[in-house]
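> Given chain A's structure and the hints, the job is docking chain B onto it.
The residues making up each chain are set out below.
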Amino acid sequence: MLLSVRDLIVEFYTYRGIVHALNGVSFDLDKGEVLGLAGETGSGKSVTAFSIQRLLPANAKIVSGKIVFDGVDLLELSEEKMREIRGQRIATIFQDPHTYLNPVFKIERQFLDVLKYNDPEIKALENKKEAERIAFEKAVEMLKKVKMPAPERVLKMYPHELSGGMKQRVLLAMAYSLTPDLIIADEATTALDVTIQAQVLEIMKELQKEKNLSVLLITHDLGVIAENCQKAAIMYAGRVVEIGDVKKVLISPKHPYTQGLLKALPRTDKEVELVGIPGTVPDLVNPPTGCAFNLRCPYAKEICRTKVPPYTLEEGSTVACYLYGGK
Amino acid sequence: MKLYEYSIRRIFLLIFVLLGVTILTFYLSRIVLNPLGAYVTERTRPEAIPAIEKRLGLDKPFYIQYIIYLQDLVTFNWGWSRVAHMPVIEALFYRFPATVELAIASFIIIILVGVPLGIISALKNNSVVDHAIRIFSLTGISIPVFWLALTLQYSFSYLPKVAGLPSLPSNGRVDALLYQQYPVNRITGLMIFDSLIQGNFIIASDALLHLILPAMTLAFLSIGAVTRVARSSMLEVLRQDYISTARAYGLPERMVIYKYALKNAMIPVTTLSGLLFGGLLAGAIITESIFAFPGMGQLTVFAISSNDSYTIMAFTVLASFIYVLINLLVDIVYAKLDPRIKY
Numbered sequence: 001m002l003l004s005v006r007d008l009i010v011e012f013y014t015y016r017g018i019v020h021a022l023n024g025v026s027f028d029l030d031k032g033e034v035l036g037l038a039g040e041t042g043s044g045k046s047v048t049a050f051s052i053q054r055l056l057p058a059n060a061k062i063v064s065g066k067i068v069f070d071g072v073d074l075l076e077l078s079e080e081k082m083r084e085i086r087g088q089r090i091a092t093i094f095q096d097p098h099t100y101l102n103p104v105f106k107i108e109r110q111f112l113d114v115l116k117y118n119d120p121e122i123k124a125l126e127n128k129k130e131a132e133r134i135a136f137e138k139a140v141e142m143l144k145k146v147k148m149p150a151p152e153r154v155l156k157m158y159p160h161e162l163s164g165g166m167k168q169r170v171l172l173a174m175a176y177s178l179t180p181d182l183i184i185a186d187e188a189t190t191a192l193d194v195t196i197q198a199q200v201l202e203i204m205k206e207l208q209k210e211k212n213l214s215v216l217l218i219t220h221d222l223g224v225i226a227e228n229c230q231k232a233a234i235m236y237a238g239r240v241v242e243i244g245d246v247k248k249v250l251i252s253p254k255h256p257y258t259q260g261l262l263k264a265l266p267r268t269d270k271e272v273e274l275v276g277i278p279g280t281v282p283d284l285v286n287p288p289t290g291c292a293f294n295l296r297c298p299y300a301k302e303i304c305r306t307k308v309p310p311y312t313l314e315e316g317s318t319v320a321c322y323l324y325g326g327k
Numbered sequence: 001m002k003l004y005e006y007s008i009r010r011i012f013l014l015i016f017v018l019l020g021v022t023i024l025t026f027y028l029s030r031i032v033l034n035p036l037g038a039y040v041t042e043r044t045r046p047e048a049i050p051a052i053e054k055r056l057g058l059d060k061p062f063y064i065q066y067i068i069y070l071q072d073l074v075t076f077n078w079g080w081s082r083v084a085h086m087p088v089i090e091a092l093f094y095r096f097p098a099t100v101e102l103a104i105a106s107f108i109i110i111i112l113v114g115v116p117l118g119i120i121s122a123l124k125n126n127s128v129v130d131h132a133i134r135i136f137s138l139t140g141i142s143i144p145v146f147w148l149a150l151t152l153q154y155s156f157s158y159l160p161k162v163a164g165l166p167s168l169p170s171n172g173r174v175d176a177l178l179y180q181q182y183p184v185n186r187i188t189g190l191m192i193f194d195s196l197i198q199g200n201f202i203i204a205s206d207a208l209l210h211l212i213l214p215a216m217t218l219a220f221l222s223i224g225a226v227t228r229v230a231r232s233s234m235l236e237v238l239r240q241d242y243i244s245t246a247r248a249y250g251l252p253e254r255m256v257i258y259k260y261a262l263k264n265a266m267i268p269v270t271t272l273s274g275l276l277f278g279g280l281l282a283g284a285i286i287t288e289s290i291f292a293f294p295g296m297g298q299l300t301v302f303a304i305s306s307n308d309s310y311t312i313m314a315f316t317v318l319a320s321f322i323y324v325l326i327n328l329l330v331d332i333v334y335a336k337l338d339p340r341i342k343y
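Heads up: the protein sequence lines correspond to chains A and B, in order. Under our numbering, the first residue of the first sequence carries the number 1, and numbering increases by one thereafter. Under our numbering, the first residue of the second sequence carries the number 1, and numbering increases by one thereafter.
In isolation and in its complexed conformation, chain A is listed as follows:
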């Protein structure tokens, strides 16, 4: 087991009150496995990612839970140790390449700084000039790997001189240059147009296979999950409601929310009527008691309104719903 998140509870302190962003998130990720984390906006996907990196904003607090990465609880590490983990073992690729590169520094500066602080080989060099040169070579090599045209020229450019796809490839190259064990791709392709999205996903897939990396692929696009992941986890209102093999989750969904999501997905292979999920996402300042989905669920029973459903194993998928487990 490379990453194991257990009962993670995160709260945000805002003027409106306490936002219960994560209410007991649990999932596991094996080495070499690609896990897709899906859910609508506000379901806590990105908060989960930021919690693993320990980069939550100042008004957020991890109330309880465990994030065990390679046998170490990340929540108990010192800031300095966590910085090393961030640079060298867990890399993140963020949502919008346009805003995630510093506008006033050349790509070269940003890339080389990352290498100089994290690459063990380059860090060990005494000679600063030599380190710069080797870092530059390594950056060029990594950019070639992500199929960047004219990498030497790109390094001398500023972010605004690159297209969105190129920027995302720069970020990919930076992330993979650190030879991490885990990649968190937080909506990494959402801001790109479809063809570029396909290219970037293809590059990510290749690199993942080559190094046998674990990837946490966060997206709201179930199609991206179907094509790239082995496992899928569906989040709702700060909780994983269903997790399992991607085929099982997407073909025979168990949780009423997952079923609803799939019914709302347009299909190209057959004519089906699209059905939306009634109601809206609950307000996480005042979340409903019991199962967070009970207000919108067609099968809601009395117990759903009072008690949070535990996880049960149903045909290979883990589901948090009272419809299963013989109750």
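Please keep in mind that the hints were generated in silico from the structure rather than gathered at the bench.
The calculated DSBU-like cross-link candidates involving lysine-lysine, where the alpha carbons are at most 30 Å apart (straight line), are:
1. A:Lys116 <-> B:Lys263
2. B:Lys124 <-> A:Lys116
3. A:Lys156 <-> B:Lys263
4. A:Lys31 <-> A:Lys145
5. A:Lys156 <-> B:Lys2
6. A:Lys156 <-> B:Lys342
7. A:Lys138 <-> B:Lys259
8. B:Lys336 <-> A:Lys116
9. B:Lys342 <-> A:Lys106
10. A:Lys156 <-> B:Lys336
11. A:Lys156 <-> A:Lys116
12. A:Lys81 <-> B:Lys259
13. B:Lys263 <-> A:Lys129
14. B:Lys2 <-> A:Lys106
15. A:Lys156 <-> B:Lys259
16. A:Lys144 <-> B:Lys259
17. A:Lys156 <-> A:Lys144
18. A:Lys138 <-> B:Lys336
19. B:Lys2 <-> B:Lys263
20. B:Lys259 <-> A:Lys128
21. B:Lys263 <-> A:Lys81
22. B:Lys259 <-> A:Lys145
23. B:Lys124 <-> A:Lys66
24. A:Lys211 <-> A:Lys156
25. A:Lys106 <-> B:Lys263
26. A:Lys128 <-> B:Lys336
27. A:Lys81 <-> B:Lys124
28. B:Lys259 <-> A:Lys129
29. B:Lys263 <-> A:Lys138
30. B:Lys259 <-> A:Lys106
31. A:Lys106 <-> B:Lys336
32. B:Lys259 <-> A:Lys61
33. A:Lys61 <-> B:Lys124
34. B:Lys336 <-> A:Lys129
35. A:Lys116 <-> B:Lys259
36. A:Lys123 <-> B:Lys259
37. A:Lys123 <-> B:Lys263
38. B:Lys263 <-> A:Lys128
Since this is a predicted model, take the numbers as computed values, not measurements.
Frame of chain A; chain B shown alone:
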């Protein structure tokens, strides 16, 4: 377009801005003031006045007078300053360097104090330190200049002197007696600079002491503004996505803040400090008057209170020239800081 082409174009445009300024000042000064005042006193015989008018071109139509004025302007024939008892150009020649010296001194204080305070305030957002700094900067913005100047004079000059302690000088640019003893040859007119390159450290340190109180007064008024802008832009930058990237890719916090965030946060501060510096160079009227500092501001006060039209006009034109020039400089620095800006 290349930066230098842009600069040349801007300098070309500057001519038109200055033409506009001269039309305005000329028009206003001829309405409000009578330029004859500089050349006529109570002892002038009435029959001599038409001759003076003729010599100054005051008998000609308005637009001809304006052209004469422009001619005089470019040939540095800026008229007679009644308050300085010398040609205006000469008076400015003596007084402008004093103002420059004061402006540089207070600008250094503003930047060295204002920017770090703003950054500390942003990093310790909403803590006791942050509140203390915000109160301090608000005080600076809202305090009246004359009150601050007098209070500083009282507490650092008068009180220690009465108590027999070492005190700071409260007026003038240099101790006159000391200056007689160790004269300095005028090279640039910047007293500290001139005396330093002539190896005259006694005058240099005395002039520096004389600068402290007026420079502190002027600086305190603007530190608040710089602090607030530095604070808010730093807070803004720290919320940006690329700061998350820097942290997520394992860069040390120190580097994230002082390299990756700071350069971005300094962009708005540059604009503000450019404008502040322009304002300082145009002369600090109240501060220079209270500290009897022989700069342009003091001269202007004298000129205004005795309707000295030539001095007032010269000051206005010079001040606007400085403002436009500083603005150009700010734009150039801007392009250096932010590569997205292309001219």
